[in-house]
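Counting along the sequence shown from 1, when you hit position 8 you're at 4 in my numbering, and nothing is skipped either side.
Errors might be hidden in some of the hints.
[Said to hold, decoys possible] Once the Cα atoms are required to be at most 25 Å apart in a straight line, the calculated PhoX-like pairs of lysine-lysine come out as: (1) Lys171 with Lys141; (2) Lys1 with Lys65; (3) Lys120 with Lys65; (4) Lys194 with Lys141; (5) Lys120 with Lys201.
Hint data in this document are derived by calculation from the structure and do not stem from the laboratory.
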Amino acid sequence: MIAIKDEVFARMDQLSPAMKKVARVLLADYPSAGLATAASLAAVAGTSTPTVLRLVERLGMGSYPDFQKSLRDEITHRSTSPVSRASHGLHDRIETSALESAARERIALIERLFRSVPPTEFDKAVGLLAASPRHVLISGGYFSKQTAQTLALQLDQLIPNVSYTADPLGHDTLKYLHLRRDSVVIICDFRRYELASKKVSTMAKQQGATVIVITDEELSPCAEDADVVLPIPVGSIPFDSFAALVVLTECLVEAVFHRVGTKAIERMTQWENAVQIHRTFRLHSEPVD
């Protein structure tokens, strides 16, 4: 049985911007979002009911009731599957240490990453970064800023013009005012979403930049301005886990590296040589007793 979610993943690059908004809402709360009325789904996505119906048609469904019936059949199939019941029973019986239990929860989040991030959206993000944009500005929220900074540091070794902006609405504002159509902005924003992140995404969009939003499955308000949305599972154990975020950013960096190829190697070599020169200079500058 092919899940509707898989169909959405497969067709994401064929959808119009308005239909992508509906698809993202559906994926963010799957399958519950699709069990609401077409008008309700459209309202949450910020689109129209006809847009929802066009998406359903694009997915190969004859009508919205047919679409909802397929969702209900999928839920029934999953809940009554002997394999599913046996798997849950097996996991429920396993007794583990606190470390192993916590690690398993995070492994589960990483495994969900393949189902939460549409491959076409990921590939589009890679293509945008590998195309030598004039600017790549990256920002994060209260907790995600560390991962955002690491992403910027690693991308900077592969492609030029990458900057981490610690204060995008303060001393880094001018960098955003210099954005153009060939610029890329990456925003990491997770629940509880930050007003500053939304202001940054709106400003970047107004400047004509391409916006990539990395967020949780409930979707940051920044997704409204995004050209690419990469939603990841974060769980709640007891704080949201960034295990999947770290894996996603590492996968993104690796994919950009392979896409850029020899130019990435050349830039990495230049970076390594510069660091070595700096270290050698510091070593020789130390006073001798």
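Hint check results:
no., hint, in the structure
1, Lys171 with Lys141, "18 Å, holds"
2, Lys1 with Lys65, "14 Å, holds"
3, Lys120 with Lys65, "32 Å, violated"
4, Lys194 with Lys141, "15 Å, holds"
5, Lys120 with Lys201, "17 Å, holds"
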